[in-house]
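These protein sequence lines map, in sequence, to chains A and B. Under our numbering, read the first sequence as residues 1 to 349, first letter to last. Under our numbering, read the second sequence as residues 1 to 349, first letter to last.
Hints are not guaranteed to be accurate.
So the derived label-pair ranges between C-beta atoms look like this [said to hold, decoys possible]:
no., chain 1, residue 1, chain 2, residue 2, range
1, A, 321, B, 128, 34 to 42 Å
2, A, 213, B, 307, 57 to 65 Å
3, A, 213, B, 321, 54 to 62 Å
4, A, 78, B, 128, 35 to 43 Å
5, B, 59, A, 327, 44 to 52 Å
6, B, 135, A, 17, 25 to 33 Å
7, B, 321, A, 32, 32 to 40 Å
The calculated BS3-like cross-link candidates involving lysine-lysine, where the alpha carbons are at most 30 Å apart (straight line), are [as the list claims (entries may be wrong)]:
no., chain 1, residue 1, chain 2, residue 2
8, B, 226, B, 303
9, A, 180, A, 272
10, B, 198, A, 14
11, B, 198, B, 29
12, A, 226, B, 44
13, B, 248, B, 44
14, A, 272, A, 199
15, B, 14, A, 198
16, B, 180, B, 14
A few chain A residues that face chain B, going by a derived Cβ cut-off under 8 Å, partial list only [said to hold, decoys possible]:
no., residue
17, 13
18, 14
19, 56
20, 135
21, 143
22, 144
23, 329
24, 330
25, 331
Quick caveat, the hints were computed from the structure, so don't treat them as lab data. No experiment lies behind these values; they were computed from the predicted model shown. Beta carbons are placed, not taken as given, at the ideal position from N, Cα and C, and that holds for glycine.
Number of protein chains: 2
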Amino acid sequence: MCPKLASCYNWAMKVSELGEFGLIDLLAKMISSSQDKKLALGQKLILGIGDDAAVWRGDTSPQLASTDSLFQDIHFTLEITPWEELGWKALAVNLSDIAAMGGVPEYALVSLALPESTEVDNVAALYRGMIEAAQQFEVAIAGGDTCRAPLVSITITVLGRAQSQGGNMLTRAAASPGEKIAVTGALGGAAAGLEMLKKGLQFDPETTAELRRAFLRPWPRLAEGKLLLARGVKAAIDISDGLVSDLKHICEASRVGARVEIERVPVSAAAKAGFGERALALALGGGEDYELLFTAGAEVVEKVKETISCPVTVIGEITAERAGEVVLVDTKGEPFYPNAAGWEHFAAR
Amino acid sequence: MCPKLASCYNWAMKVSELGEFGLIDLLAKMISSSQDKKLALGQKLILGIGDDAAVWRGDTSPQLASTDSLFQDIHFTLEITPWEELGWKALAVNLSDIAAMGGVPEYALVSLALPESTEVDNVAALYRGMIEAAQQFEVAIAGGDTCRAPLVSITITVLGRAQSQGGNMLTRAAASPGEKIAVTGALGGAAAGLEMLKKGLQFDPETTAELRRAFLRPWPRLAEGKLLLARGVKAAIDISDGLVSDLKHICEASRVGARVEIERVPVSAAAKAGFGERALALALGGGEDYELLFTAGAEVVEKVKETISCPVTVIGEITAERAGEVVLVDTKGEPFYPNAAGWEHFAAR
Numbered sequence: 001m002c003p004k005l006a007s008c009y010n011w012a013m014k015v016s017e018l019g020e021f022g023l024i025d026l027l028a029k030m031i032s033s034s035q036d037k038k039l040a041l042g043q044k045l046i047l048g049i050g051d052d053a054a055v056w057r058g059d060t061s062p063q064l065a066s067t068d069s070l071f072q073d074i075h076f077t078l079e080i081t082p083w084e085e086l087g088w089k090a091l092a093v094n095l096s097d098i099a100a101m102g103g104v105p106e107y108a109l110v111s112l113a114l115p116e117s118t119e120v121d122n123v124a125a126l127y128r129g130m131i132e133a134a135q136q137f138e139v140a141i142a143g144g145d146t147c148r149a150p151l152v153s154i155t156i157t158v159l160g161r162a163q164s165q166g167g168n169m170l171t172r173a174a175a176s177p178g179e180k181i182a183v184t185g186a187l188g189g190a191a192a193g194l195e196m197l198k199k200g201l202q203f204d205p206e207t208t209a210e211l212r213r214a215f216l217r218p219w220p221r222l223a224e225g226k227l228l229l230a231r232g233v234k235a236a237i238d239i240s241d242g243l244v245s246d247l248k249h250i251c252e253a254s255r256v257g258a259r260v261e262i263e264r265v266p267v268s269a270a271a272k273a274g275f276g277e278r279a280l281a282l283a284l285g286g287g288e289d290y291e292l293l294f295t296a297g298a299e300v301v302e303k304v305k306e307t308i309s310c311p312v313t314v315i316g317e318i319t320a321e322r323a324g325e326v327v328l329v330d331t332k333g334e335p336f337y338p339n340a341a342g343w344e345h346f347a348a349r
Numbered sequence: 001m002c003p004k005l006a007s008c009y010n011w012a013m014k015v016s017e018l019g020e021f022g023l024i025d026l027l028a029k030m031i032s033s034s035q036d037k038k039l040a041l042g043q044k045l046i047l048g049i050g051d052d053a054a055v056w057r058g059d060t061s062p063q064l065a066s067t068d069s070l071f072q073d074i075h076f077t078l079e080i081t082p083w084e085e086l087g088w089k090a091l092a093v094n095l096s097d098i099a100a101m102g103g104v105p106e107y108a109l110v111s112l113a114l115p116e117s118t119e120v121d122n123v124a125a126l127y128r129g130m131i132e133a134a135q136q137f138e139v140a141i142a143g144g145d146t147c148r149a150p151l152v153s154i155t156i157t158v159l160g161r162a163q164s165q166g167g168n169m170l171t172r173a174a175a176s177p178g179e180k181i182a183v184t185g186a187l188g189g190a191a192a193g194l195e196m197l198k199k200g201l202q203f204d205p206e207t208t209a210e211l212r213r214a215f216l217r218p219w220p221r222l223a224e225g226k227l228l229l230a231r232g233v234k235a236a237i238d239i240s241d242g243l244v245s246d247l248k249h250i251c252e253a254s255r256v257g258a259r260v261e262i263e264r265v266p267v268s269a270a271a272k273a274g275f276g277e278r279a280l281a282l283a284l285g286g287g288e289d290y291e292l293l294f295t296a297g298a299e300v301v302e303k304v305k306e307t308i309s310c311p312v313t314v315i316g317e318i319t320a321e322r323a324g325e326v327v328l329v330d331t332k333g334e335p336f337y338p339n340a341a342g343w344e345h346f347a348a349r
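Only chain A is shown next, with the shape it has when bound in the complex:
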């Protein structure tokens, strides 16, 4: 390890104190300092750790790869998530990472860990859901691995390619001051769905169905990611941790600030129907909506709106000041501090 790295970390620290993003940062530094120019493959690597997907130069177009795990009792519980929905969601959240790059997914590898007492019927349901998503988004399940474990976990790696030979991609690091911040669809539905299912809340059938769908059947914005890229958008991320937290990722990677007008944030109608005023906090911090958050000049955003099939809402602006920070303002332009602003997987809760 490089001596610089060794001196800037307190190695006796626990992972929970360092936090998920601190840990990723450390590991990324260890890896990049090891992959120097001697390694031919290192030179072919366009984007390593730190964006939605890894990217390297393929023979004719850049190749994308992304991996994500769902662990029982961390990312899902079997009390709330039926097996078939678990299968759909496990693949969908990975496809969402490819969508956030504007890429085209091609193959999926599935590593599945199961307790020995799992019923085969349930495993089959899991695969039915996964196969349904694979067919919907034209991905081939190419292989995988199964093993026993005390709890269910599913790790999926999705491989894909850039749309064009030139290999433009949406990245977190391409936002510029003066650009508009925009988001597809509506936010807060997934977090509202989770809370509804967890607490066993009863809403009208339409609200219930929509909140279930938002949490259990996220729809990766693959078509929209391709369209953003084609219309000239350069910076995007998918909303998995939460609007504020994911926007902060863009700000940090692009070394810019962000100013979001909270009354412009498109809050899910079903989340409002179920949770009233709390829906805004769910939209800002809840996460798992898997909508695309992007930045672009006003004209590019207008061009996107003309052709995209889902709502696109401008919610604020990228600023040169306060790099790495997200400032929320209310209708009067006063700073607004939400209660929940995304979460980190390792942070003690």
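Could you slot chain B onto chain A? The hints should help.
Showing chain B alone in chain A's frame:
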């Protein structure tokens, strides 16, 4: 799901009753029946579930991908496996799958789950070991994912390519009657190392060091896999489950039988030094040696021996009779029944 599939499985069965290989078989059938000819990518898929790696047609050469998970208290314990060795091994076992195809590994994606109480120092050691293996075998760690979980688990996906544009590969399904069965290196060292570490046994320093290395620092036979392919070998597998169990995989995939003369099996000298007569059982059933087991005509095996840098031993012959079965015979040609013959991850032990 196809009605044929629905009728041939007892869906109320537990995963432990179906067994790991039964489960893989079921999932492979579900997936292949879903990926019909409508899907262009399905047509590009050369090998799906059921071999050491998945293979599909790339732009200039076939692409390989393989995924494998190591779970705490299932595949390793932290009492026995130091963090740095865990990192090495997690990558090495994946590279071994690419070696068993005769392929060239290129990129690795790492999905790491950790308890919040893990010390950062230990995570850094894990990555040091992984990076060491990546540098040794010229693989770029392209990305990954971290999350918290009650136990440590590491899922790695390795991407690679076939050596040649023509895209020959070593597969499990290419063995023919009359071919010799051969194996690289020596067997039983990894299982002996595990037992030594588990029971805290004391041997002479050389034996101890070699058994530790065999279990904790497996060496993927990448150079050897390439050479086998170049010399005309067609069928191979890496020994992860155990000699008998992995040879059975070749027999089933190739619809042939196998006859192994147990006195010809190259047993690790260190395993013999530590465990005497029990070493043979460890070599036959212990697994995790990550040597290559292959079949080829006698002349091809001779050509391999001339140029390969490790020992290669012929241990038996592929037969047309008793397809799918492995018959062990002793010096007198009498059938031999070992106590341990590989294990299945889901089988109750």
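Comparing the hints with the structure gives:
{"no.": "1", "hint": "A:321 / B:128: 34 to 42 Å", "result": "holds (40 Å)"}
{"no.": "2", "hint": "A:213 / B:307: 57 to 65 Å", "result": "holds (60 Å)"}
{"no.": "3", "hint": "A:213 / B:321: 54 to 62 Å", "result": "holds (56 Å)"}
{"no.": "4", "hint": "A:78 / B:128: 35 to 43 Å", "result": "holds (36 Å)"}
{"no.": "5", "hint": "B:59 / A:327: 44 to 52 Å", "result": "holds (45 Å)"}
{"no.": "6", "hint": "B:135 / A:17: 25 to 33 Å", "result": "holds (30 Å)"}
{"no.": "7", "hint": "B:321 / A:32: 32 to 40 Å", "result": "violated (56 Å)"}
{"no.": "8", "hint": "B:226 / B:303", "result": "holds (14 Å)"}
{"no.": "9", "hint": "A:180 / A:272", "result": "holds (25 Å)"}
{"no.": "10", "hint": "B:198 / A:14", "result": "holds (27 Å)"}
{"no.": "11", "hint": "B:198 / B:29", "result": "violated (38 Å)"}
{"no.": "12", "hint": "A:226 / B:44", "result": "holds (23 Å)"}
{"no.": "13", "hint": "B:248 / B:44", "result": "holds (28 Å)"}
{"no.": "14", "hint": "A:272 / A:199", "result": "holds (17 Å)"}
{"no.": "15", "hint": "B:14 / A:198", "result": "holds (27 Å)"}
{"no.": "16", "hint": "B:180 / B:14", "result": "violated (38 Å)"}
{"no.": "17", "hint": "13", "result": "holds (5 Å)"}
{"no.": "18", "hint": "14", "result": "holds (6 Å)"}
{"no.": "19", "hint": "56", "result": "holds (6 Å)"}
{"no.": "20", "hint": "135", "result": "holds (6 Å)"}
{"no.": "21", "hint": "143", "result": "holds (3 Å)"}
{"no.": "22", "hint": "144", "result": "holds (6 Å)"}
{"no.": "23", "hint": "329", "result": "violated (32 Å)"}
{"no.": "24", "hint": "330", "result": "violated (34 Å)"}
{"no.": "25", "hint": "331", "result": "violated (37 Å)"}
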